[in-house]
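The primary structure of each chain is shown beneath.
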Amino acid sequence: MGYSGFSTVTPQLSFKEMMFEAANMAYAQAGIEPRSEVDSFICCEEDLLEGISITDEYMPDQLGGAQRALCTISQDGLNGVIQAYMQIASGIADIVVVESHVKFSNVLSKRDLHSLAMDPYLERPFLGDGAPLVALEMRRYMHENGVSEESIAQVVVKNKTNGLKNPRSSYAANLTVDEVMRSEELWSPLKRSYVAQPADACVVAVLASYSKAKSISEQPVWIEGVGWFSESSWIGLRDFSRALYAEGASKMAYKMAKIENPSRAFDFVEVDDSIAFKELQHLEALGIYQKGKAAEATLKGETKEDGSMPVNPSGGSLSVGNLAETSGLARLLEAFELLKKKGYSRALVQSWRGVPTSTASVVVLGV
Amino acid sequence: MGRLDAGWHGCNNGEVKRLKFAGTPISPEEWRNESVFFKKEEFDLKYAWDTGYAIAKFLEGLKAGKILGVKCNRCERILVPPRMFCEKCFRKVDEWVTLRDTGTVNTFSVSYVNNDASRREKPLVVAVIEIHGASPGMGILHVLGEVEPSRVRVGMQVKAVWKPENERVGAITDIAYFKPIEVM
Amino acid sequence: MWKDHIPLKYKYSIGVAAQKFSSALKEGKLLGFKCSSCSKVYALPLLFCPECFKEIREYVEIKPEGEIYSFTERGEEVVIAVKFPDTYGVLIHKMKKPLAGRPRIGQKVRAVFKKKEERSGDITDILWFELF
Amino acid sequence: MTLFRHRMLETGKEMAFEAARMALDSAGLERKDVDAVVLGSAPDAFDGFHMKGEQLLDGAGGFRKPYTRVFVGGGTGVFVPIAAWWHVASGLADVVLAVGEEKMSPLQPHPQYAFWTIFDQVLERPLGVTLLWIFALEMRRYMHVYNVSEEDIALVAVKNKANALDHPAAQLPARITVEDVLKSEPICAPVKRLDVSPTSDGAAAVVLASEELARKLTDTPVWITGVGWNVDTTYWTNRDLCYPEYLEKAARMAYKMAHITNPRKEIDFAEVYDPFDYKELHHMEGLLLAGKGEAPKLTREGVTQRDGDLPINPSGGLLGVGNPIAAAGVMKVAEVFWQLRGEAGKRQVKKPVNRGLAQAWGDLMQVGTVVIMER
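For the record, the sequence lines run as chains R, S, L and A.
Counting in my numbering, the first sequence runs from 8 upward without gaps.
Counting in my numbering, the second sequence runs from 178 upward without gaps.
Counting in my numbering, the third sequence runs from 126 upward without gaps.
Counting in my numbering, the fourth sequence runs from 11 upward without gaps.
Wrong hints could be hidden among the right ones.
Stated by the list, open to error - DSS-like, lysine-lysine: derived pairs with alpha carbons at most 25 Å apart:
no., chain 1, residue 1, chain 2, residue 2
1, L, K134, R, K117
2, R, K298, L, K208
3, R, K219, A, K266
4, S, K234, L, K128
5, L, K145, S, K217
6, R, K117, L, K219
7, L, K134, S, K217
8, S, K197, L, K179
9, S, K223, L, K128
10, L, K128, S, K340
11, L, K241, S, K217
12, L, K219, L, K188
13, L, K240, S, K217
14, L, K136, S, K223
15, L, K222, L, K154
16, L, K219, S, K217
17, A, K42, R, K265
18, A, K42, R, K258
19, L, K179, A, K42
20, S, K197, L, K159
21, A, K42, S, K197
22, L, K136, R, K117
23, L, K233, L, K154
24, S, K243, L, K128
25, S, K234, S, K265
26, R, K221, R, K265
27, S, K223, R, K117
28, L, K145, S, K197
29, L, K239, S, K217
30, L, K179, A, K226
31, S, K299, S, K340
32, S, K265, A, K266
Quick caveat, the hints were computed from the structure, so don't treat them as lab data.
A quick note: this is a predicted structure, and the numbers were derived from the prediction, not measured.
The whole structure should be built from the sequences, with the hints applied where relevant.
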């Protein structure tokens, strides 16, 4: 895997150049030559985040993908990995490259984008930039599960501390629960400190078939299970307290990876924490904790890096930044590196497409 | 505006199978008179794109009245617009080359419309112009001026007409247009 | 850095179902959409049941009184999700800030409509929800 | 599929539902039988939704399902079944619903405006570029290199609009003459009004099933035997637009998979992408169904008519049926399906057909997507 950016701003490189750097790094690491050895390229991005309609137009060259089978998946990068997995499993490709990038710093109208992602008649008039929606979900989640605000602030403290060891963090910090809770309230009970702030990055992953991977890599990381799932585009039809999308995606992945007890299956998990309470909600949806139990576990320190169930040892989105469609691939990168470094055997990576969506992807990794 | 069950689809295959093509067209009158409720919204999405290394330098060149290209020493192509990488060889390009500000019309069109499909007052001649000094076929998109639309030909030699230096800002429009080299 | 903007102007058709919903709003009524297959009444304008995937052709009037499913505040503004009895889904709208105390999940609220002559069919034909 | 029309009352979600429902009915399936959903839709700027795929998910049948949107510009429509194919071929899904949707009418004052934003923001947009420019530039180059006349190109518009008279969902069916095309209002010379397909609202859907299940569902399944796609360099002004190399590569990928060595002989008919009339000729050549510069001759000789030896766009194509971009590509796949099953009614081609091809094009003269289907 290769990457570039991971900074609040990246003025020295255009998005093409950022992609070129990340791709070069990924190809060098995998020992492949993109012009002759890659069968398919998958890019994950959304038009209006790029400020370009039909963004796949601008993808091929800097990946080595000109006049090759290349496509855009309008999804999180982790879903791109899943599509690549299927291409390989179908026999149509042996090596697939998955790319996603974001230059949030170039988007000056971020709030408008949130509004544009909602129904103009029923939703936009009230949910505006998305913050009220997050607040409504957060309140309902806390209400149904008796979750305290302290436990949510503790997620921020934990992840921002974890991020201090991660060179790709833009927002890591040493904070106390009190400091986190003193942050400005956006829409009650949502505070600014609970929301991951935007950053720029590009991540490129190289996937290969079993036999190919064996021949090009001494220490491949395997995909043992994949799942993806969406709840509803209608905000009003969603269960605000449960992340059904993550539940559905994980069930699919666990079935494939033959995991019966997810709470004991992983050495660590990288889950979406782009809004602090979502980490708790996602952990429960993924079956890592029972419903309503993630907050307690967090307060007890179980989810710390040295706890019994390390959650987001990378620092998560709260440290690294909100990377939009690149979030999932960025977390895959963290898990990929940590699996190799620490001699772990299995990890879970989950992404969520962010406000106002209800779509998740899950990948189970093993070595 | 009733919902249409338009066009029953005749299928054979031994069984009677009729397919419904659903849909409720809005007539031009209904659209204009707004006899149904429409939600109207306006957005103005603002961006500040990082131009990056290659394009920033290209724009600086334009400001200085020069068209810059890049060269890949592996395939030996000279490329314009410039890029940091050669897409054919997948490697960094090697050097900058100052190209001429003349070119050959590869193809052209006479446009009678604006980008919102409204009619232009005066037709505009647009062309892909292969820039001299770059490898054959290396064109850029621009507009032509000082020429009757009916006289433009593929293969025509053209030269950049630059804006005055103090009006140049480092943009593709620093070249006001290309004009034919020979008097037509 | 290259700065530019993309002005986008839209005239959205709100759709077949929302058109029905919108006409009812003009009459001061809240319309529910009933799936004949699973019998769920949706408090949202749906042309089809997302679950059964059948066209919805049955409409029932919903009494515009429900309870707070969730709420959020910013200064004087309150946004709520309202759940109506025996219906499926929640409606997002504004709430009039209570004179005393904060709103609570589960509290009963009712819709306050604009005057008939001021209604346009927009969702804002309901001015807000208020406690009762 | 829905009707294709300039403006529809249905939202994108509602159109997607109508198309998906019709596809399920045609396959005798219900939503609960569907393992995954793939949706295709082109620029978000048309419908007016950021993350358009998320907005459309319930309509496409993706409510509480694995769901993904794929996007390769105008090539999207034919790419949707390709992505659905790899879902099935991977073994992860048995039944996949593949839906194409486009609602172009919301954008004011004209949907064409969205196309300004497909161009390079620094080097091309400041020139006031429109999508019509790039088509006109390509059409001119094609005409110049292969010495093709505007009359020959107009024959395509005449044929396709006439074919569309028999399509019950068609937006612009018409009986017109070459002269009508030549005399129609110039937009971007050499492109004239009648050379161009309209902007449209619409949706279309197909169901893909695994081999085992397909045999259970029907006695007359249609198989996808080849898929191919390819994207060329972004730098379109560096390419010779007279010939679509990317399409040839996409076609070769699909032919190889379908074990086709002589496409001109082995493909019985084709639905090729015709947003502009010259594009049909251009694409026939890229697909190796005609030699370079030879497609106009085949058209003149009537080979591409419904009763010809190589019927092209018996549906009426985008020029006749309409062009809700991603939906139009799926419509082509649906037409190949109907033709292969002998269910195309008045549109049925004269010769017996066993193998058909659907193709779409997209981006900055850049994307080719190809599906080969057999009965």
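Hint-by-hint comparison with the structure:
no.: 1; hint: L:K134 - R:K117; verdict: holds (17 Å)
no.: 2; hint: R:K298 - L:K208; verdict: holds (22 Å)
no.: 3; hint: R:K219 - A:K266; verdict: holds (22 Å)
no.: 4; hint: S:K234 - L:K128; verdict: holds (16 Å)
no.: 5; hint: L:K145 - S:K217; verdict: holds (18 Å)
no.: 6; hint: R:K117 - L:K219; verdict: holds (23 Å)
no.: 7; hint: L:K134 - S:K217; verdict: holds (8 Å)
no.: 8; hint: S:K197 - L:K179; verdict: holds (14 Å)
no.: 9; hint: S:K223 - L:K128; verdict: holds (8 Å)
no.: 10; hint: L:K128 - S:K340; verdict: holds (21 Å)
no.: 11; hint: L:K241 - S:K217; verdict: holds (22 Å)
no.: 12; hint: L:K219 - L:K188; verdict: holds (17 Å)
no.: 13; hint: L:K240 - S:K217; verdict: holds (22 Å)
no.: 14; hint: L:K136 - S:K223; verdict: holds (21 Å)
no.: 15; hint: L:K222 - L:K154; verdict: holds (23 Å)
no.: 16; hint: L:K219 - S:K217; verdict: holds (20 Å)
no.: 17; hint: A:K42 - R:K265; verdict: holds (24 Å)
no.: 18; hint: A:K42 - R:K258; verdict: holds (17 Å)
no.: 19; hint: L:K179 - A:K42; verdict: holds (12 Å)
no.: 20; hint: S:K197 - L:K159; verdict: holds (23 Å)
no.: 21; hint: A:K42 - S:K197; verdict: holds (22 Å)
no.: 22; hint: L:K136 - R:K117; verdict: holds (22 Å)
no.: 23; hint: L:K233 - L:K154; verdict: holds (18 Å)
no.: 24; hint: S:K243 - L:K128; verdict: holds (22 Å)
no.: 25; hint: S:K234 - S:K265; verdict: holds (22 Å)
no.: 26; hint: R:K221 - R:K265; verdict: holds (23 Å)
no.: 27; hint: S:K223 - R:K117; verdict: holds (9 Å)
no.: 28; hint: L:K145 - S:K197; verdict: holds (22 Å)
no.: 29; hint: L:K239 - S:K217; verdict: holds (20 Å)
no.: 30; hint: L:K179 - A:K226; verdict: holds (24 Å)
no.: 31; hint: S:K299 - S:K340; verdict: holds (21 Å)
no.: 32; hint: S:K265 - A:K266; verdict: holds (24 Å)
Going down the numbered hints, you'll see the structure goes against none, and every one checks out.
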